[in-house]
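Heads up: the protein sequence lines correspond to chains A and B, in order.
For the record, in the first sequence the residue sitting at position 240 is 240 according to our numbering, with numbers rising by one throughout.
For the record, in the second sequence the residue sitting at position 221 is 221 according to our numbering, with numbers rising by one throughout.
Rather than coming from a laboratory, the hints here were simulated on the basis of the structure.
We put the CB at the ideal spot given by N, CA and C, even for glycine.
Check each hint, because a few of them may be wrong.
Unchecked claim - Covered stretches of chain B, as calculated for chain A (at least 3 residues, CB under 8 Å):
no., region
1, 179 to 186
2, 210 to 222
3, 261 to 272
4, 283 to 290
Said to hold, decoys possible - Have a look at the derived ranges for each label pair, beta carbon to beta carbon:
no., chain 1, residue 1, chain 2, residue 2, range
5, B, G288, A, G191, 42 to 50 Å
6, A, G145, B, V5, 31 to 39 Å
7, A, E201, B, N301, 56 to 64 Å
8, B, L141, A, L204, 52 to 60 Å
9, B, G197, A, T158, 24 to 32 Å
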Amino acid sequence: MTPGETQPPVVLACGEVRTCLLPALQALDSRAAAQLLGVRADERVLLSERPNLYGRSPDTLTGVDCPLPSANGARIRAVGTVAAHASLTEGRVLQSSAHFRAPAAGPDHRRPWGHYLVRPGTVEPFGKLPYEAVAQGLLTGGRPGELDVGLIADGLLTRVLRHPLLDQRPPLKSRPTRLRWVALPTERDEGPSIERFTVAEDELRTVRLRVPAGTPSGDIAGLCDDLALHDWLLTTVVRILDGIRLGAGDPPARPRHAGERPAVVTALRPAVDHLLHLWMPRARVAPRLAPLWDALEERPGFTRQWRTLVQRIRDQLALHAIPHREAEWCP
Amino acid sequence: MTDAVFRETAAEPRTQAVPLSHLSLELGHLYMEDFEAGPEHLRRHFARVRPWAEAARATAAAGAGGKRPRISTCFLIDDYFTRFAGPAEVVPLLLEEADRAGLVVDYLARESGCAVAGKVPVAEAVAGRIVEEPPPGSYGLRPPAARTGWLANGERGPGARAPQAMKKAVWQPPKETAARRHSVFLDVELWDDGPDGHRTWSCPFLAAVWQLARLGLLRNEGEAVLVPQPHTGGAFPEDWDELPPLVRLNPRADPFAAYRTCSVLPSRFLPVEHAVRVILDQIEVDPGALDQAAGRSARENADVPASVADRISYVFYAGQ
């Protein structure tokens, strides 16, 4: 880069993550994952096998030139690129994640496009960036025509979901979730923190973070991908348990044929086959951001809830493994 | 993860480094018609190139941070659009005429190597790295105006392809995105597909790939592509396909790739090279390769523009 060129500090990072079950009957192995996530012919898919199977596509960029949403209605035009990647955990959970960072200030005119392309994942404001107002605006969602990072995550997800490797036969019912996040700088020497994690209706989660200056936005996106994955797991398993009638109060209307499984077992089995082994918070979170999980473990207690759910599923399956005699007890 | 205790190489991005000169100086492009015009045509070309080549060397020396500038020269031969003669006939003639003008050709490249180098489909990979310049109002949706196989430096006017109902609408001009008040709109054809499905890359697109190769910014899965092969033995093969895509003719040459490029060309290349700039301005090059060039140039105090399109320069001399 040209010596002497100084960049204004990054004061805002923002992104959105889509998390869904891979619509395929069988989980994909690493090789198939590399094919699925190979969105660029000349760049490798990053594959990892420790501590769990994980594949990550190269980043793709989308150019934007539009106003940023802001809580106080200020109209701030910004130009740059939003970076997006797709990832697959244990060949089963598919995520697409789009994010950008923004400096405190930018020039008040648009520069040649090549200027933005050598700063991938950076969106520069025209003039000074009122970052607190913009962060709030981004979390609550913008008006039509304002920057929509979620659209970019959606676009990549749609592209991956059309891949011919997918047979579109998911082994269980689930709904995708959206997690929208912003990160603002911390005061002086403070460590990173989660200011708020909100579970809103219609599958939207919002996360507001504080991170020390200089934290790479890719690291923050990695943390938020991890939060989104585990939140989706909780949401999905809670819904599976919600959807079935537990207990012995409801005897089968007719005697079951040999080999026929009780409804509870049929409903719970896919969770055991495809989801229960996926819980692994912080598996790929940058060490300096990993402590942020502690706050969520404290309250509401993500892992505590997960363990309880897993125990319930195991108890139910154990109960149904005992030879069933309720029908005989009925008068 | 930066913890050094445990590492997985497949989980980490890696980018092979390539040696870099200060300047890659291109002494010309050779097309069939140039060759057919006879050795005098080549002689005139090199005689015209010579003073500009010296000027380019002097400029590079000024920007080398006080050290001896590393400068390599190259020459591109078109074997992609038309096949003519063969290396055995063309290359010795070319080198002889260059030598007569006091010029040394360090590296010789074949244009088809910019389409496919060995087994690597370079042009296709570069096409996959196009990130279109967004017109104002782009908020995250893919630009609806994107037309496959074409790349513009702005917004196209609603043209002849508009539906019948719109034909009566008032004519709207196209608009260059980075215009200074008035537009110089350019729409570049990147390729066309033949009836057999065979894709032919356009001359400006291959020239853009050629510039990226000279800037040391091409990678395939992190590995360098278009790596120069030494020329062994005296004779050149009869067939272009037997010549490596990029040959080092001068064993003592400075590295092929460089922080900056300069091409000395006749002025008929001006429209093509304008198109090259429009293309380069919309290609997201390998970030690892960019970082390597930035880091090394900073360490040796060489001034390299951040933007890729700003790293290339031209001298257009009058004539054909």
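Structure-based check of all given hints:
Evaluation of the coverage hint for the region 179 to 186 of chain B: breached, as 0 residues show C-beta separations to chain A shorter than 8 Å, against a requirement of three. Counting residues of the region 210 to 222 of chain B whose beta carbon lies closer than 8 Å to any beta carbon of chain A gives 4, which reaches the threshold of three, so the coverage claim holds. Only when three residues or more bring their CB closer than 8 Å to a CB of chain A does the claim for the region 261 to 272 of chain B stand; here the count is 0, and the claim is violated. Evaluation of the coverage hint for the region 283 to 290 of chain B: fulfilled, as 6 residues show C-beta separations to chain A shorter than 8 Å, against a requirement of three.
In this structure the hint that G288/B and G191/A lie 42 to 50 Å apart at CB is violated, the actual value being about 30 Å. Separated by about 49 Å at the C-beta atoms, G145/A and V5/B break the suggested range of 31 to 39 Å. Against the hinted window of 56 to 64 Å, the Cβ-Cβ separation of E201/A and N301/B comes to about 58 Å, which satisfies the hint. Checked against the hint of 52 to 60 Å, the pair L141/B and L204/A fails, with Cβ atoms roughly 20 Å apart.
The given range of 24 to 32 Å is respected by G197/B and T158/A, whose C-beta atoms sit roughly 26 Å from each other.
Consistency note: the structure conflicts with the earlier hints numbered 1, 3, 5, 6 and 8.
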